[in-house]
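Oh and the sequence shown: position 117 is 117 in this note's numbering, straight run, nothing missing.
Check each hint, because a few of them may be wrong.
[As the list claims (entries may be wrong)] Think about it this way: if two alpha-carbon atoms lie no more than 25 Å apart in a straight line, the pair counts; the simulated DMTMM-like pairs of lysine to aspartate or glutamate are:
1) 536 / 474
2) 536 / 591
3) 465 / 294
4) 798 / 294
5) 704 / 588
6) 566 / 903
7) 740 / 804
The set of hints was computed from the structure by calculation and includes no laboratory data. Just so it is clear, the structure is predicted and the values come from calculations on it, not from any experiment.
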Amino acid sequence: MRTNLSIVLLLFCAFAFAQTTISGTVMDNNGTPIPGANVIVTGTSSGNVSDFDGQFTLKTDSNPPFSVQASSVGFSTETMDVTSKNQTLNFVLQEGSVLDEVVLSASRTPERIFESPVTVERFGLKEIKNTASADFYGGLENLKGVDVNTNSLTFKSVNTRGFATFANTRFMQLVDGMDNSTPALNFPIGNLVGMVETDVQSVELLPGASSALYGANAFNGVLFMRSKNPFDHQGVRVSLKRGITSQEAAGDNAYTDVGITMGHKFSEKFAAKVNFGYLKGTDWQATSEIDKIDPNRTRANTNYDGINVYGDEVSTNIRAASGLGFIPDVEVSRTGYNENTLTNYNAESIKADWGLYYRPIEDNSLEISYVGKVGTGTTIYQGTNRYNINGFFQQQHKLEVKNDNFFVRAYEVSDKAGDSYDMVFTGININRSWKSDEDWFGDYIGNYANIELAGNPQGLTTQQKHDASRAVADEGRFLPGSTEFKNAFNRIIKDPDLATGSQFRDASKYFHSDANYNFSHLVDIADIQVGGSYRKYNLNSGGSIYTDLDGPIEYSEYGVYTQIQKDLELNNDMKLKLTASGRYDKSELFDGFFSPRLSAGLTLNRDHNIRASVQTGFRNPTTQDLFIGLDAGRAILVGSAPSNLNRYVRTFEVSTAAQGTNPAQGGYGQPATITQTGAAAYNNSYSASSVQDFANTQDVNSLKVANPNIIKPEQVTSMEIGYRGKFDKLIVDFSTYYNKYQDFISQEVVISPYYGVVGDGALSAGAIANGDYQAYSAYTNSDIDVNSYGASLGLSTKVLDGFDLSGSYTFTKQDFDRASNPDFQTNFNTPEHKFKASFGHTEVFTNFGFNVSYRFSDDYFWEATFGNGIVPEFHTVDAQINYKVPSLKSVIKVGATNLTGSEYFTAFGTGFIGSMYYASLTINNL
């Protein structure tokens, strides 16, 4: 026993004796401390980061001599030799440019932005600290070529190069390699349940198709968010933010945003971290009463349908409903409720994550980690309708093994809809809970008929007759704030049956795994990577979104890829980088698809680089494209997976006229009800525009058969040319691209008659004339050409002895024959011209900095399932000033967004975006 104890003590002493401690500072060439600089022992994973004062201490088992390397984003990398124990090293890093920054996303391997084979944007620690936006995610809208559409205060949608809705399934968002999209919706919901700002290490954005490396959903681009590793970033970091939001409709309301990160390295082998974030505010209120169909109509119109008024989507032709020839041949809609009576506009986000990190081998990059994330929030989501996402919950769990040459990870993402509900159907069913549609229209028609049969003794105009009939039909209606209204509201938002309620239920999930191996350390001839991924979906909405009333829907997909990259030295200054990659993906529902990418980057000298690439991309139809079965009010959404078409079944009431037997009065001897499946949208339908033409002309020949094809994967061929360079202090980054789409996926509104076969010229036309039809939104592909092209130019420099000045211009254009295809929506939703500029200084004088950002957006046409309309041009200015308190390792920031107070919106139907004013205190967040 004594011998064993002696051996243990001897080993412990030997271990302690072998420890080498290195300390020192990291400064820039002006003598200013560089906090957050990485200091590592060259060739090992042993390292640390400099503190707020630029000071560092690191311990290693290595014995001198060895070398230590210091690096920081935006500065040169310097190496110093260690020749003795307890040596002090004082690094001086030369300030570089954005071209020197290192990115991982473009080629799945570290490389300078300057040499990247494709366009890539980076938002690092410096940009996060200096952004004038209220948070780092909002700051992304200042990046060149990036569009950020504001759905609500806590839900922003990032996109590049056009074709965007809030349901942006064309764009991928990854957090430490995990897809952040929600299983229920199949797209990311901004940063609602994403990252805590104090844990963000860097953000990279890859515009355009990236399917060759990242798979089917990387169609418009990929957003990469990387967190801080607790081996490199220890301690407690806190961000406290308090302010107000100011909007004409909502007034001034408090805004709070708190982020806390705790990281600790217990030893050279084990580290852990925990993050917590909390945000609370009041959402931008959507209060537009403009008619959604015709902006010239007012609430006095019989068929009024207000943009943010719900319940008025229910309408009928009162002549067809009555069968009386003296009743006007017009559509009449029920009276709706304003959106602000159907939600409290609470905006809230609570999120937490934790990670355990283990490095089993000393001085080796092998790391095993487990990361868990949970988040819940309340926001407004605009899809086919406007939804109050209340108490939405999402969780992610990931296991990963990686080193410098490979990674293998597997994770699961699951969600629960909480108490979310559809505000449109809330309005519809509050009306119905008071009075059925049949009774309401009966009262309306009855009053109008009484006026006519009495000979109109008061001499009312047609408009006055309609007003009087509506007043009679609305008598006793539940008014907002009344006990009856509150009771009906509370009952309806907890009922998932859209015939009587509006609750949005879901408990879907997906499992994903992927792996990558880089052979560059084994093969000298070229850098070679191989990888693959697998995903399995489990859709479980209980029939409230998908046609899964009888049980969950499951399907899977997989992909494999490889990339070869070769650097060719042409002379002392000129270098050519060639990259070739290819990926094969296969969904169990579709044939496999191969996506190649070829790129070349020519470095002319240390200041100029030209790049060119051509690649193909594809995207599989989403879960909603395939399996949705949702009555959205004006139309029923039916996914076009073959197994889905007959799973959606509805029974419809046939008009009284059609039940008769006199053809002259629209009688065709039809039953009182008919049952129709979703297949009718695809095999027995007319185009919506031709039905409108028929209504105007009564010419049967104007009806055009639609019968859209079943959906299949969409493809794109993308060509890009770019240049990056430096002219003295001026940095230039230019790119231009052209995208050609094949089998473009979108939705087409079609009309299916209750009886008859489309094209028969008789019975089906009679059904349309009687109002016996249902509108469907079908998911299909376009057989016409859809193309887009654009260019971006970014300039940045230093002026006036150290002030940062930058600007960018982006041009984006769709090439699509709208006039020849009126029923097909591409949802391009992107301004043709955008301009952004920024001016600031990190240290105008000791510890004081500021930044001002300006954005201009051209007007553009927004089209989506909720509605279509013009988004006017807007200008907005954000600004912040900040003061560092080194003794407290803190930064105080005061800022404002939309400083001019000129309210604007980025999508048809959303609330106007007002101003935010805030003050923040950030502690120890290097």
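Hint check results:
no. : hint      : result
1   : 536 / 474 : 50 Å, violated
2   : 536 / 591 : 17 Å, holds
3   : 465 / 294 : 22 Å, holds
4   : 798 / 294 : 50 Å, violated
5   : 704 / 588 : 34 Å, violated
6   : 566 / 903 : 51 Å, violated
7   : 740 / 804 : 37 Å, violated
Of the numbered hints listed earlier, those contradicted by the structure are 1, 4, 5, 6 and 7.
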